[in-house]
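Q: Here's the letter readout for the chains.
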Amino acid sequence: MEGESICEVDSGDGLGADIISTVEFNHTGELLATGDKGGRVVIFQREPESKNEPYNQGEYNVYSTFQSHEPEFDYLKSLEIEEKINKIKWLPQQNAAHSLLSTNDKTIKLWKITERDKRPEGYNLKDEEGKLKDLSTVTSLQVPVLKPMDLMVEVTPRRIFANGHTYHVNSISVNSDCETYMSADDLRINLWHLAITDRSFNIVDIKPANMEDLTEVITASEFHPHHCNLFVYSSSKGSLRLCDMRASALCDKHSKLYEEPEDPSNRSFFSEIISSVSDVKFSHSGRYMLTRDYLTVKVWDLNMETKPVETYQVHDYLRSKLCSLYENDCIFDKFECAWNGSDSVIMTGAYNNFFRMFDRNTKRDVTLEASRESSKPRAILKPRRVCVGGKRRKDDISVDSLDFTKKILHTAWHPTENIIAIAATNNLYIFQDKVNSEMH
Amino acid sequence: MSRKVELSLLLYGLLLSSMGEEEGLHQTQFLDTMFVRGLKRKCFDGEEDIEGTLAGIKAIPSYNLQRQSLLDMSLVKLQLCHMLVEPNLCRSVLIANTVRQIQEEMTQDGTWQMINTQSTGQASLDRLVSTDILCRSSRDQAEGKHVPAYGTFNKDFESDQAQDSSETMSTASSVQAPRNLQSNVWEMENPQENKGNFQKSLDQIFETLENKSPNSVEDLFSEVDNSYYDLDTMLTGMMSNTKMGHCDNLETFSTPTNTASNSNCKSDLNDLDHIVEILVES
Numbered sequence: 001m002e003g004e005s006i007c008e009v010d011s012g013d014g015l016g017a018d019i020i021s022t023v024e025f026n027h028t029g030e031l032l033a034t035g036d037k038g039g040r041v042v043i044f045q046r047e048p049e050s051k052n053e054p055y056n057q058g059e060y061n062v063y064s065t066f067q068s069h070e071p072e073f074d075y076l077k078s079l080e081i082e083e084k085i086n087k088i089k090w091l092p093q094q095n096a097a098h099s100l101l102s103t104n105d106k107t108i109k110l111w112k113i114t115e116r117d118k119r120p121e122g123y124n125l126k127d128e129e130g131k132l133k134d135l136s137t138v139t140s141l142q143v144p145v146l147k148p149m150d151l152m153v154e155v156t157p158r159r160i161f162a163n164g165h166t167y168h169v170n171s172i173s174v175n176s177d178c179e180t181y182m183s184a185d186d187l188r189i190n191l192w193h194l195a196i197t198d199r200s201f202n203i204v205d206i207k208p209a210n211m212e213d214l215t216e217v218i219t220a221s222e223f224h225p226h227h228c229n230l231f232v233y234s235s236s237k238g239s240l241r242l243c244d245m246r247a248s249a250l251c252d253k254h255s256k257l258y259e260e261p262e263d264p265s266n267r268s269f270f271s272e273i274i275s276s277v278s279d280v281k282f283s284h285s286g287r288y289m290l291t292r293d294y295l296t297v298k299v300w301d302l303n304m305e306t307k308p309v310e311t312y313q314v315h316d317y318l319r320s321k322l323c324s325l326y327e328n329d330c331i332f333d334k335f336e337c338a339w340n341g342s343d344s345v346i347m348t349g350a351y352n353n354f355f356r357m358f359d360r361n362t363k364r365d366v367t368l369e370a371s372r373e374s375s376k377p378r379a380i381l382k383p384r385r386v387c388v389g390g391k392r393r394k395d396d397i398s399v400d401s402l403d404f405t406k407k408i409l410h411t412a413w414h415p416t417e418n419i420i421a422i423a424a425t426n427n428l429y430i431f432q433d434k435v436n437s438e439m440h
Numbered sequence: 001m002s003r004k005v006e007l008s009l010l011l012y013g014l015l016l017s018s019m020g021e022e023e024g025l026h027q028t029q030f031l032d033t034m035f036v037r038g039l040k041r042k043c044f045d046g047e048e049d050i051e052g053t054l055a056g057i058k059a060i061p062s063y064n065l066q067r068q069s070l071l072d073m074s075l076v077k078l079q080l081c082h083m084l085v086e087p088n089l090c091r092s093v094l095i096a097n098t099v100r101q102i103q104e105e106m107t108q109d110g111t112w113q114m115i116n117t118q119s120t121g122q123a124s125l126d127r128l129v130s131t132d133i134l135c136r137s138s139r140d141q142a143e144g145k146h147v148p149a150y151g152t153f154n155k156d157f158e159s160d161q162a163q164d165s166s167e168t169m170s171t172a173s174s175v176q177a178p179r180n181l182q183s184n185v186w187e188m189e190n191p192q193e194n195k196g197n198f199q200k201s202l203d204q205i206f207e208t209l210e211n212k213s214p215n216s217v218e219d220l221f222s223e224v225d226n227s228y229y230d231l232d233t234m235l236t237g238m239m240s241n242t243k244m245g246h247c248d249n250l251e252t253f254s255t256p257t258n259t260a261s262n263s264n265c266k267s268d269l270n271d272l273d274h275i276v277e278i279l280v281e282s
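Residue numbers (the numbering used here), protein chains in the order written: chain A, 1 to 440; chain B, 1 to 282.
A couple of the hints might just be wrong.
Stated by the list, open to error - Here are the in silico distance ranges between beta carbons for each label pair:
hint, chain 1, residue 1, chain 2, residue 2, range
1, A, E310, B, G110, 39 to 49 Å
2, A, Y317, B, G110, 55 to 65 Å
3, A, G389, B, G110, 31 to 41 Å
4, B, G110, A, S285, 46 to 56 Å
Just so you know, these hints were derived from the structure itself, not from any lab. We put the CB at the ideal spot given by N, CA and C, even for glycine.
Work out the full structure: start from the sequences and follow the hints.
A: Here it is, written out as structure tokens:
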């Protein structure tokens with residue numbers, strides 16, 4: 001992979017408001033949106049390839065920045081509502097404008113992004129600044145003409161979907177029907193129509209009658225890419241539930257339950273915590289699901305509920321450190337996962353700014369690092385290795401010297417090409433694969 | 001060391017010191033090696049005599065000690081919740097499940113009944129707590145629902161009531177935190193103990209999960225006394241600590257120190273810190 005265009009999304013105010021909290025490519029890959037802890041959204045646009053400057057082709061530059069969410073205060077509960085953007089999802093483009101949904105813990109907003117590159121000139125009644133002309137100076141009539149101007153990107157909030165959630169929203173997913181979308185919090189999932197903000201349908205509710213019986217929460221959810229009636233949600237106990245909205249209005253009863261029985265030899269007090277699924281993604285084909293729990297990524301076949309078809313170890317060397325990781329709360333980190341366009345490679349983040357890729361066909365995997373030193377523009381990324389004692393090669397990192405504050409939780413893969421976006425705290429890295437090389 | 005680190009040390013140190021000096025020797029590395037093997041003992045076979053082990057060599061604590069410290073750690077985590085922002089429900093549920101798991105195992109082991117008072121002045125903090133308390137809504141508490149729980153534990157606890165009430169407020173305010181938590185469950189019939197102090201703080205955590213009815217809010221504030229304020233200060237001071245979530249904590253927990261005497265000053269300082277923090281962020 002060739003390292004390229006390190007974009008730093010850093011406001012420098014030192015309060016951590018610029019920590020990136022979500023990354024998402026749009027459906028063509030032309031635009032890349034990032035959300036941060038301060039409630040801002042930054043959209044990058046890919047430069048069109050041109051023959052004149054072959055080295056600039058495909059670079060992502062800032063297209064637009066806007067404040068999506070502001071901090072709020074819930075007076076009833078005397079609690080702050082964070083403005084951190086939890087998820088961004090693009091709507092499929094239906095006209096010249098782009099639309100995206102962004103959400104914090106409580107409120108989802110629909111934003112419309114439009115371009116303006118022409119403006120009318122030659123009004124009869126107004127002058128250039130827009131002030132009314134003295135009518136006595138108007139001697140002849142003219143037809144206003146459109147003149148080109150510097151590109152202006154305008155972002156407007158079109159819908160605000162508020163008051164739908166008591167608990168913290170962890171996922172949003174746009175349906176393939178392009179009319180509805182769902183939002184999931186810890187205990188409930190709501191179905192919204194994109195044009196209607198004052199009501200939503202509750203389609204999943206796992207809140208127990210008695211909160212003291214609560215033992216499981218919803219951790220992620222997603223609509224099937226092709227079947228608008230199917231969606232999946234994952235739980236903190238490591239199970240996946242596929243639901244069919246045609247079956248009933250309230251999809252508390254799953255159509256399929258995907259759960260892998262626990263390995264008795266590996267059982268510990270932390271077994272449940274590390275089995276909690278932090279992310280679930282359908283493959284582009286719609287045939288498989290990808291899940292991430294603390295130590296592994298798993299590929300599930302929709303037709304097989306008993307166990308995943310593939311399991312990949314992300315950082316198994318942490319298995320002996322679980323107590324320390326529990327103590328410093330790292331065990332609760334929620335890593336995301338991603339498919340490449342052809343569903344042949346999966347990617348997920350880890351600690352020390354490492355991220356991992358697994359080729360499903362060759363069964364090869366690679367560990368790469370997103371850091372300034374190793375990522376000069378157009379430098380080739382060097383594979384990294386974590387050694388667990390025993391033979392130690394040069395450049396290997398030992399488990400004990402891993403930096404657990406540098407975690408790569410959010411990653412995204414271009415829908416069709418080998419371009420990946422990696423969020424490392426407050427830096428965004430974009431890597432491109434110029435030559436279609438194999439994993440090594 | 002920063003003040004934030006010192007305060008988390010304080011609470012953890014207090015928990016450990018209650019277990020006795022020698023038991024505080026354990027370090028998380030040892031915990032890791034024990035837990036990864038998933039050792040499960042079916043019968044309680046007594047704790048190792050750690051005092052008797054070779055001086056200068058750190059003994060690997062027994063499984064029971066390991067399990068106990070994991071329980072304590074989990075309880076501390078549940079208590080140290082963000083009070084400004086709603087706590088992460090997933091994390092709370094996972095920790096509560098871990099506590100429940102440990103409890104169940106300890107019940108099977110029979111070690112539950114063995115947990116009893118120390119000879120020290122402070123009541124022991126290593127009490128197991130029914131997770132019912134942790135997940136209870138405030139309304140249930142106000143109605144004084146009896147918790148269907150562990151009978152033997154109930155009896156053991158009542159014998160310590162006298163000991164509890166003799167505590168002084170200042171330094172004991174932080175110590176009382178976890179103890180009061182347990183005390184309130186079985187408290188319905190024992191009004192002499194300060195009812196609902198810490199329970200209310202904890203209730204705040206879980207109340208945020210449900211809409212409060214006006215009545216329960218009044219109940220919450222109906223019996224406030226001094227220790228509640230001390231506790232509140234302490235807890236709100238704790239907030240700044242939990243923002244870490246990084247490896248800094250590893251160091252703080254590896255060397256527990258006796259900072260009980262400084263608790264008062266620290267809580268005042270952290271109170272100020274907290275206020276400044278709110279002002280700055282707004």
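Q: Give a verdict on every hint.
A: Hint check results:
1. E310/A with G110/B: 39 to 49 Å: For G110/B against E310/A, whose Cβ atoms are near 43 Å apart, the range 39 to 49 Å holds.
2. Y317/A with G110/B: 55 to 65 Å: Violated, at about 36 Å.
3. G389/A with G110/B: 31 to 41 Å: Holds, at about 38 Å.
4. G110/B with S285/A: 46 to 56 Å: At roughly 54 Å between Cβ atoms, S285/A and G110/B fall inside 46 to 56 Å, so the hint holds.
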